[in-house]
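**Student:** Keeping their order, the protein sequence lines are chains C and V. Count along the first sequence from 1, then add 6; that gives the number in this note's numbering. Count along the second sequence from 1, then add 129; that gives the number in this note's numbering.
Hints should not be assumed to be uniformly reliable.
Said to hold, decoys possible - Here are the simulated SDA-like pairs of lysine to any residue, each with C-alpha atoms no more than 25 Å apart in a straight line: (1) Lys143/C - Ala323/V; (2) Lys333/V - Gln163/V; (3) Lys143/C - Ser307/V; (4) Lys201/V - Val169/V; (5) Lys333/V - Lys194/V; (6) Lys281/V - Glu294/C; (7) Lys333/V - Met219/C; (8) Lys285/C - Gly252/C; (9) Lys244/V - Ser298/V; (10) Lys296/C - Val197/V; (11) Lys333/V - Ile236/C; (12) Lys14/C - Asp217/C; (13) Lys170/V - Glu298/C; (14) Lys194/V - Glu294/C; (15) Lys144/V - Met130/V; (16) Lys244/V - Ile338/V; (17) Lys359/V - Pro130/C.
Stated by the list, open to error - In silico negatives: residues of chain C with every beta carbon more than 10 Å from chain V: (18) Gln98; (19) Leu158; (20) Arg222.
What the hints contain is simulated information worked out from the structure, not anything from laboratory work. Idealized CB from N, CA, C, for every residue including glycine.
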Amino acid sequence: MAKIKIIKAGMLSTIQDLGRYGFQEFGMPVSGAMDHYSMKLANFLVGNNLNSAVIEATVIGPEIFFEADCYIAICGADMNAKLNNESVNMYQTISVKSGTTLKMGAVKDGFRTYIAFSGGIDVPLIMNSRSTYLRGKIGGHGGRQLIPKDELNLGKESSTITQKKIDEKFIPIWSENLVCRIIAGPEIHKFKLTGINTFLNSTYSISLESDRMGYRLNGERIAHRSSPDIISAGIAFGTIQVPGHGEPIIMMADHQTTGGYAKIANVISADLPYLAQMKQGDTIEFEEIKLEEAHELLQNQNKVFEGIK
Amino acid sequence: MNTYLPLGDSAFIVKFGEAISEETNAIISSYSKQLIKLDVKGIIELIPSYNEILVVYNPMEIDYKILVQLLKDLENTISINDSMERELIRIPVCYDEKFALDLDFVSEHTELSIKEIIRSHSEPNYLVYMLGFTPGFPYLGGMNKQLSSPRKVNPRTKVEVGSVGIADSQTGIYPIESPGGWQIIGKTPLKLYAPLSRENFLLKSGNFIKFYPIDIAEFEEIEWRVKQDKYTVKRELIPYNG
Chain C
7 MAKIKIIKAG MLSTIQDLGR YGFQEFGMPV SGAMDHYSMK LANFLVGNNL
57 NSAVIEATVI GPEIFFEADC YIAICGADMN AKLNNESVNM YQTISVKSGT
107 TLKMGAVKDG FRTYIAFSGG IDVPLIMNSR STYLRGKIGG HGGRQLIPKD
157 ELNLGKESST ITQKKIDEKF IPIWSENLVC RIIAGPEIHK FKLTGINTFL
207 NSTYSISLES DRMGYRLNGE RIAHRSSPDI ISAGIAFGTI QVPGHGEPII
257 MMADHQTTGG YAKIANVISA DLPYLAQMKQ GDTIEFEEIK LEEAHELLQN
307 QNKVFEGIK
Chain V
130 MNTYLPLGDS AFIVKFGEAI SEETNAIISS YSKQLIKLDV KGIIELIPSY
180 NEILVVYNPM EIDYKILVQL LKDLENTISI NDSMERELIR IPVCYDEKFA
230 LDLDFVSEHT ELSIKEIIRS HSEPNYLVYM LGFTPGFPYL GGMNKQLSSP
280 RKVNPRTKVE VGSVGIADSQ TGIYPIESPG GWQIIGKTPL KLYAPLSREN
330 FLLKSGNFIK FYPIDIAEFE EIEWRVKQDK YTVKRELIPY NG
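So here's chain C without its partners, still in its complex pose (with noise of 0.2 Å):
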């Protein structure tokens, strides 16, 4: 069976597929990647599912030793990522042979990379999921971050790989101050008009608070009406709630399936990835759009993996 070894972990590698679904009604959240897109371009280049298992590496990329041949592709932040200390490119389909080191180093930009390896991770299916819970200790590898020593098997590659590049017009840009957009409400009645406006007109930085389950955001304080709180209910990726301190905070992968503070606004999904690369310090900008334009945004996002499933 194919196999890999990590011989360096880097700064936080956990194993996540595009998250366990079906199980919020039980207050389970649904993890995954962080960064949807680049996660499926990832394994869109080497024949996989697009919901196969990768590595996703946090700011310092792994060390991987290959003990069998297949084909890998990485995709998101640029880690400076060589094979026997040789560069290799992003965003296309490599061909690695057995006995190979994959090295990554730091983040040139962006925060989070996706390594995908044909036929996918092979650990245990926890809830219909692969992804790594790391609050609840399950999923993934043994329900934790990757160590030094750990080995993981791949499943069974498509026997239709071709070596393919994804095409400059959809590799992403990653951006340090984001513009980033959502839709209004479900709660802005909990805010003043002034609240509101300041959600609208400021900007916003990514605090040392934030992790896979939520980014605390600093900047100006947003005014409710009178209280914060809502009685609680359901929450999505990307929902932004303003609990009293006025500061909001947005809801990422990791994120509690209900809430009880006013929810101002939600990113849109073609945004979040956007999103999941930025780091402490960034800064962000809300810009307010409709429904409708926020599914065209999604769906030419998509494109690039027209005629796959």
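Could you slot chain V onto chain C? The hints should help.
**Tutor:** Structure of chain V alone, referenced to chain C:
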């Protein structure tokens, strides 16, 4: 009349008014059941809460206008009679001082004897309004008001899994070990959240639960059987009394 609001581009909120009531919960349960029966392509899952259902959908598989119309049409077909029967789950709780770390405090605060507290806590059928906060955690309604007790001034850094507690006018069970400020009055050997078992979650929105007292010996016996995945949870159907 429900309200329909988008939560971003991949979820819609169906809002059933502002009340928190057993009736609203029955309507939500009924609505969810019917929606799931329709097996709509593009609907990924539903997250029920006190007075909303969050409909998670894939906008690339279903047009949102079609989805909203479908949700609106469904509203007219719902009647509480559809969920005439509800499921009641009996939950064994050991209120022995070994597990009931704060029972003395609750007794002092409520001015009830320990016996009275146990009787009062195990008397009602509690409604599971929703699950959230952590996997398997039930938001319960129906605790007798006389048991109300404030949270601990100094929360514990570690509350054991299965601990049964009281915080203000709420009672609940810890599905996982975590820090917590609830007054702990007992422990259940049942698992509310078992990610590696056949049955992952004990409870679901719309269920009723009833606590029943057990002694330490029975606690250990059930605990052992649960570990072997050999315990069958006592579930029964009860009529819905509008």
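**Student:** If a hint holds in the structure, say so; if it doesn't, say that too.
**Tutor:** Outcome of the hint check:
For a cut-off of 25 Å, the pair hint linking Lys143/C to Ala323/V stands: about 12 Å separates their Cα positions. With a CA separation close to 16 Å, the supplied pair Lys333/V and Gln163/V stays within the 25 Å bound. Straight-line distance between C-alpha atoms of Lys143/C and Ser307/V comes to about 13 Å, which keeps the hinted pair within the 25 Å bound. At most 25 Å may separate the alpha-carbon atoms for a hinted pair to count; Lys201/V and Val169/V meet this at roughly 14 Å.
Distance check on the hinted pair: Lys333/V and Lys194/V sit about 30 Å apart at the alpha-carbon level, beyond 25 Å; violated. For the proposed pair Lys281/V and Glu294/C, the alpha carbon gap of about 43 Å is over 25 Å, so the pair is violated. The hinted pair formed by Lys333/V and Met219/C meets the criterion: a straight-line CA distance of about 24 Å does not exceed 25 Å. Restraint check: the Cα-Cα separation between Lys285/C and Gly252/C comes to about 21 Å, which is no more than 25 Å; the hinted pair holds.
At most 25 Å may separate the alpha-carbon atoms for a hinted pair to count; Lys244/V and Ser298/V meet this at roughly 19 Å. This hinted pair checks out: Lys296/C and Val197/V have alpha carbons roughly 16 Å apart, not beyond 25 Å. Proximity of Lys333/V to Ile236/C is assessed by CA-CA distance (about 22 Å); at most 25 Å being required, the pair is judged to hold. Between the alpha carbons of Lys14/C and Asp217/C the distance comes to roughly 21 Å, so the proposed pair stays at or under 25 Å and holds.
Proximity of Lys170/V to Glu298/C is assessed by CA-CA distance (about 20 Å); at most 25 Å being required, the pair is judged to hold. Note on Lys194/V and Glu294/C: the hinted pairing holds, with a Cα-Cα distance of about 20 Å set against a maximum of 25 Å. A C-alpha spacing of about 9 Å is found between Lys144/V and Met130/V, which places the hinted pair at or below 25 Å, so the restraint holds. At most 25 Å may separate the alpha-carbon atoms for a hinted pair to count; Lys244/V and Ile338/V meet this at roughly 20 Å.
Of the pairs offered as hints, the one joining Lys359/V and Pro130/C holds, with about 23 Å between alpha carbons and a cut-off of 25 Å not exceeded. Residue placement check: Gln98/C keeps its beta carbon more than 10 Å from all beta carbons of chain V (closest about 25 Å). Chain V leaves Leu158/C outside its interface by the beta-carbon criterion, the shortest separation being 20 Å against a cut-off of 10 Å. Against the 10 Å criterion, Arg222/C stays outside the reach of chain V, whose nearest CB is about 19 Å from its own CB.
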